[in-house]
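S.K.: Sequence:
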Amino acid sequence: MKKYLGLVFIIALSVSAKAQHSLVKLWETDSVVDLPESVLPDTKNKILYASQMGNNPNDKDGIGGVAKIGMDGKIIDLNWITGLNSPKGLGRIGNVMYAADLSDVVVIDIAKGKVTRIIPIDSAKFLNDITVSDKGIVYVSDSKTKRIHKIENGKPSVYMENIGGVNGLKAIGTDLFIVGGKTIWKADAQKKMTRIAELPNGGDGLEPVGNGDFLFTSWAGYVYYVYADGKYDLMLDTHLEKKNTADLGYDPVKKILYIPTFYKKTVMAYQLK
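Using our numbering, you'd call the opening residue of the sequence shown number 2 and step up by one each time.
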């Protein structure tokens with residue numbers, strides 16, 4: 002019996018070890034993407050959109066934009082959208098893309114590759130991440146004012162306030178998942194907040210895996226797999242290389258992460274294992 006229990010214990014440890022997630026690097030672009038902060042995959046058309054902040058994350062200088070990159074890491078068009086300031090988070094519904102651009106939300110017609118509208122956000126100072134619900138409601142975080150703004154039927158309003166370190170957002174159904182510093186929160190339709198997980202490092206990007214788990218990037222150079230029960234695996238650590246891991250994009254079918262490296266001016270692709 003003792004031998005049997007010992008064998009069961011060893012098998013359990015083995016299964017647990019195998020269950021830990023890891024990343025395998027697939028490719029990295031040349032260092033030509035101008036301060037990439039966010040990546041938005043379009044898996045149907047096999048295109049990655051990457052926001053480019055230009056010289057500085059804080060400057061209203063008109064030299065930011067959005068680049069198009071192939072799913073193989075080859076650059077398609079670095080100047081697909083130009084004339085923005087310092088765009089960060091990207092969101093999409095149908096043929097419409099939204100970009101968080103410091104104090105404005107920029108609306109882009111994807112098919113035409115053209116800016117169609119700029120929506121000023123009152124009192125905004127550092128719009129960061131953006132997400133779009135399946136009903137077309139846009140949510141955008143402001144990391145300096147600790148607010149989340151909502152745009153519904155083209156009209157912006159303050160949705161939530163006093164969320165320290167607010168950054169990454171993901172709308173799933175009627176829930177809004179929020180990165181606030183080191184914490185992942187879930188806000189339901191009544192804005193009731195539930196703590197999902199606490200990470201060792203402050204967060205940037207957040208993407209659902211599809212089973213209640215999340216992928217979580219920390220700007221300093223850490224990528225985590227976060228389980229629905231709040232536990233997590235550290236899958237990537239590039240902080241000693243001073244290679245940032247900003248607002249990731251994710252292909253849930255092929256299980257590939259696309260990670261912008263900010264000051265290193267590249268985009269990396271990793272296979273989730």
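For the record, the hints were derived by calculation from the structure and aren't laboratory data.
Hints are supplied without guarantee of correctness; some may be wrong.
Dumping the calculated BS3-like pairs for lysine-lysine here, alpha-carbon to alpha-carbon at most 30 Å [said to hold, decoys possible]:
id	residue 1	residue 2
1	Lys232	Lys183
2	Lys26	Lys61
3	Lys113	Lys61
4	Lys193	Lys156
S.K.: Can you list which hints this structure breaks, lowest number first?
M.R.: 2
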